[in-house]
Amino acid sequence: MRRAFTLVEMLISILLTAIVFTYIYATLNSVKKSHSRYLESAKTVTDAQRIFSLLSKDITQLRSATNIVHEAGFDRISFTTDNSIYSIPRPWVHYFISAKSRALIRVEATAPIDFFSTGYVGDANGTYLFADKLAEGCDSFRAAERGARVDIILKCKDLAPIAVTLYKGGM
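In the working numbering, the protein residues as written are 1 to 171.
Read the hints as simulated data drawn from the structure, not as lab findings.
Among the clues, some could well be false.
In silico SDA-like cross-links for lysine to any residue, where the CA-CA straight-line distance does not exceed 20 Å [what the hints assert, rightly or not]: (1) Lys33 - Tyr23; (2) Lys133 - Lys168; (3) Lys157 - Pro112; (4) Lys168 - Ile68; (5) Lys133 - Arg102; (6) Lys157 - Thr46; (7) Lys100 - Lys157.
Assemble the whole structure, with the sequences as input and the hints as a guide.
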């Protein structure tokens, strides 16, 4: 006598298969979401490390006095350094928060930069300048000079706050 599967046995096997596939899908979806969150948090750590690295290289290789302008919520700091990401010898570097986008901007130029008071940028020989947006959604950028050190505090929406004391390089 041939014995076939009964309807109940078929329904139970389909149900068990559906449960197994649902579990596999939920597990894979959870791994995908976790990976996405990890990549996002790793990006914010990488951005904070990049900003910290630039600030520390700029300040520790300082070649002039720092010029710090204090304003409501946002300071501007400018100086000459030996650190250049654009291969400029002893560039003038300027950090500030843009008024419109609230972004931390680093400007590297071949001549002194004075965007805010006189509108003067550069010299008669031609000036090259490069601007990099380092972070967006910044709430505060504070800088203070205390003898041989520079204290910097940066608070941005997508970054962990950066509070650092850097010692100036030989001038």
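For a quick check of understanding: which of the numbered hints are violated here, in increasing order?
Violated hints (numbers, rising): 2, 3; every other hint is consistent with the structure.
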